[in-house]
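If you read the protein sequences in the order shown, they are chains A and B. For the first sequence, UniProt numbering assigns the number 1 to the initial residue and increments by one for each residue that follows. For the second sequence, UniProt numbering assigns the number 1 to the initial residue and increments by one for each residue that follows.
These are computed hints drawn from the structure, not numbers from a lab. Certain hints may be false.
[Said to hold, decoys possible] In the SDA-like style, the derived pairs of lysine to any residue whose C-alpha atoms are separated by at most 25 Å in a straight line are:
| no. | chain 1 | residue 1 | chain 2 | residue 2 |
| --- | --- | --- | --- | --- |
| 1 | A | K32 | A | S148 |
| 2 | B | K154 | A | I233 |
| 3 | B | K158 | B | R79 |
| 4 | A | K35 | A | T4 |
| 5 | A | K9 | B | N368 |
| 6 | B | K363 | B | G232 |
| 7 | A | K293 | A | E224 |
| 8 | A | K305 | B | G232 |
| 9 | A | K9 | B | L364 |
| 10 | A | K9 | B | G232 |
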Amino acid sequence: MLPTDPTKKISFTRCITDGDLVIVYERHDVMKAIKVCDDSILQNRFGVFKHSDWIGKPFGSKVFSNKGKFVYLLAPTPELWTLVLSHRTQILYIADISFVIMYLEIVPGCLVLESGTGSGSLTTSLARAVAPTGHVYTFDFHEQRAASARQDFEQTGVSSLVTVGVRDIQGDGFPDEFSGMADSVFLDLPQPWLTIPSAGKMLKQDGVLCSFSPCIEQVQRTCESLRSNFTDIRTFEILLRTYEVRQGKMDGSRDNGGGSLPCKRKQHSIEGSNEQDNQSSAAVMARPCGEAKGHTGYLTFARLKCLS
Amino acid sequence: MSQNKIQSDPSNNNSRVTWEGCSVLLDINDGDRLVFGRLTAASTLKIGNKNCSLQPLVGCPFGSLFQVDNGKEGPVLCRALPSKEDEAPEKGENQISEELRDNRAIVDDNKAQTLTGEDIDEMRRQGAKGDEIVEALIANSATFDKKTAFSQEKYRIKKQKKYAPRVLLRRPFARSICEAYFKKYPNRIGFLRVDALSLLLSMANITANSDVLVADMVGGLLTGAVAERLGGTGYACSTYLGDTPNSIDIVRIFNFSSEICKRIVRAPSSDLSLAQNGTSVETNPHEDVCNMEIQSNDQISSSVGMEDTSLSSENVVSDSVPETTLSSENVVLDIVPETTLSPAIKFCKAPKAGEKPSQEALKLWKENGFSSLIMAAPEIDPWNLVKDLLPLLSYSAPFAIYHQYLQPLVTCMHNLQIGKMAIGLQISEPWLREYQVLPSRTHPCMQMSGFGGYILSGTRISSS
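Okay, chain A solo, but in the shape it has when bound:
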């Protein structure tokens, strides 16, 4: 997934090979991660796709099924991976993820601690941010979940940047070997306040901590425990509003076309429209999508006080 290996980096000449991970794109909300295997097939509502047809094509190509329907094959990125990964837990999405990376000031070479690993959605983006010389140590108390995460990181090619440990961070704290080593710490735990003292021990001076909690009561208790050793304590909520873009006619008269105002561009037949009346030319318009996430979680950030 990451261009650490120049031979794997996407380019005009980089073609899909046996064993590559590809994101099969049907629609912006229907995607699937697939490992290319010479003698394998993909079957979906569009028909049967032979992997062998894919090999040798560049990433970003359109490929056809036996029924003549098509999908696109994309190179995986952490953003696409977040949309296709198997949910073993509730996951973080792009708005929270990108804000966390920015606010934790993670740059190449950083050492980052994370708990819990969950489905590894954030971990993949953390790995991208610390590459090529940094490292992410992520912990989950669930042995199987940790094992699945390890497999995922192997598959997405970030395993050299991520170490998954099985440990009850809330109960036992982070391992002592990281004392004073961490540039940033990320907590997604039910009772994060129990881990604040340990997180403080792990951080370098002025290092940043982030705690993600869905409930305000969790935030309340976390902030109280942060006040003794941390400063610059700030809590945010971030959401994304997405827009749909359509081309349609805005007519002056009401009875023209049966009131079918903005219709999707695909459905709109340009040749069928009467081009003579200029005032009702097809306009491209945008409006916010009707459905949106109302809440994901609160992000609380704090800096370790500088005492030396």
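Once you've looked at the hints, dock chain B against the given chain A.
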């Protein structure tokens, strides 16, 4: 498991301790004033009507807090170590129910304070510390005890800001630079809020070893943020229309090592397109008109004054010590010619960034394509740029385009759909709300930014 060498290497952009010549962000009185500057022997900071040397800040960890104290030769900045009493004493959940005082007896007649201006001046002459003046003001306030606990705290903070100002030493990172500009001069960065910037970087898949095509008309903030994520690998190729490169002066505020600066290049879009079409492009490394100062060599003799972006809300007089005062006048980071500088100021200058790309790099991009495109050009129609720049991307390369207006992005998205140039097209707008979290007093902040910009993202597809 891992090593701590990062700490001791001043050229590493992740150093946590300041050094001579390092760029810093000074946060005065909890965000009231934000000043970018360089730590040199001669640099000073004007607080109130006093000039304080920044020398005491050299060698201190980022995150340190300083207070203005009266020294033998005028005011000096002294390290203030946080003590237990600094933490606002929170007495728990029942605090509000115990509060019996209210403001019924407070009359705003300006008679509550018995200490006069002369008294305070006299205290100062006798060497009283700022904190002592604040305590004296509280002791001499007839109404302080009648105030509620919250309003007592407010009073204390107000007096502390005036009589015992605090300076917080911050690392200039994409986060802090973007926040500082957004707070004080949002128009200079095209109203690009920090959450929108972070989304751009994610959506464009910026990571080490990638070759990023950048269209930056936000003063270099975007180029700097990309370079920060590249960490001295890959390339941030800042491109522009026409002959005049866009300013990337904000790049100098980052503490970039020369490895990172070398990876920031600038090329007109015509050069990149020519390279795309197989024509060789003349590169002349010496004609960088808009380049930053010329680096002499490894010697530290080359010097520049402060490129002080003072994002100061109050007006500071700048003529006192022109080349060292962090004044609010030259926020646009004027390039100070070396010759006008006093030879006394010597420090390691941030190496140059924004050279022309090498012939090899151009060849590489022509053969492989860029790994992503990231744009923040709020003054121009995005489609105008995108139609030329998108073909320079590898197939399956992601792109993210910022704009402060929705309509140009809508048109751009529509054209990309019609031209079947990209898939996964989406326009998103981030919404960010900060919370006050206090025992029994948690609520969203009363003021928030209502708008942080729009982003069009997508993935380039192979046309074949």
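So, going through the hints one by one against the coordinates:
1. A:K32 x A:S148: 17 Å, holds
2. B:K154 x A:I233: Distance ~18 Å between B:K154 and A:I233 Cα, so the pair holds.
3. B:K158 x B:R79: OK: B:K158 and B:R79 at ~21 Å, within 25 Å.
4. A:K35 x A:T4: This hinted pair holds, its Cα atoms lying about 20 Å apart.
5. A:K9 x B:N368: Status holds; Cα separation ~9 Å.
6. B:K363 x B:G232: 20 Å, holds
7. A:K293 x A:E224: With a Cα-Cα distance of about 28 Å, the restraint between A:K293 and A:E224 is violated, given a limit of 25 Å.
8. A:K305 x B:G232: Not satisfied, since the Cα-Cα distance of roughly 29 Å exceeds 25 Å.
9. A:K9 x B:L364: 13 Å, holds
10. A:K9 x B:G232: With Cα atoms ~17 Å apart, A:K9 and B:G232 stay inside 25 Å; holds.
This entry does not satisfy hints 7 and 8, going by the numbered hints stated previously.
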